[in-house]
Amino acid sequence: MVVATPKDWTGIEWAGNLAPEIGVDEAGRGPLAGPVVAAAVVLCKSPPQGLDDSKRLSAKRRAVLDEQIRRTCVWAVGVVEADEIDRLNVFGATMRAMTLAVSRLCEAIGCEPGSILIDGNMTPAGRDAGWHWPARAIVGGDGLEPCISAASIVAKEWRDRIMCEAAGRYPHYGWERNKGYPTPDHLTALRDHGPCPLHRRSFAPVAQLVLI
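Sequential numbering from 1 applies to the sequence shown in the numbering used here.
These aren't lab readings, by the way, just hints derived from the structure by calculation.
Beta carbons are placed, not taken as given, at the ideal position from N, Cα and C, and that holds for glycine.
A couple of the hints might just be wrong.
Pair ranges (Cβ atoms, derived) [as the list claims (entries may be wrong)]:
| id | residue 1 | residue 2 | range |
| --- | --- | --- | --- |
| 1 | Leu-209 | Arg-177 | 12 to 22 Å |
| 2 | Ser-58 | His-172 | 39 to 49 Å |
| 3 | Glu-107 | Pro-184 | 17 to 27 Å |
| 4 | Ala-19 | Pro-171 | 21 to 31 Å |
| 5 | Glu-112 | His-172 | 43 to 53 Å |
Based on the sequences and whatever the hints tell you, model everything.
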């Protein structure tokens, strides 16, 4: 679990009795290995220009925006590892990661949010015991709401860094390229070397190998 805030609070986009708006998104539901990561972001008054769905951005542009967001905005990430994904299922793990991220962000800002906007068609309300905030799910929100766009960028970049670091410990799988997704090279490496501790045993391609 990681939370970070900028040193200068003067640029944060709320004042007086107005509570902040938090954008939330996740990365890593589809891979066979590694964690699910959720990010929660409160934008500054002058947010970085060009915020968009992380999937629409080039890797270079996404990295630049990630640095700008983390330097100028208030943000937190929630990370749920592979073993907990297997225990909860990936949907439950996603709800847990979002709850962790928002909880830590609220601790950082010292107040409850005015609203929470989440990419997708569901919120953790009633799906994770720790969630107790009003929230609105927006399909395609990562391309519509700047605060969600920012969260999608932070979540994607944070998870990519985790997988690149893990690739150094488990070099067979090409995670520095595929980030744990079921690409042909990853599947071939799984068949040749078997799964490692970071693989999700509940996901079919991994489970089938474990049962062989």
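Requested in this report: Could you tell me which of the numbered hints above are not met by this structure, giving the numbers in increasing order?
Outcome: 2, 3, 4
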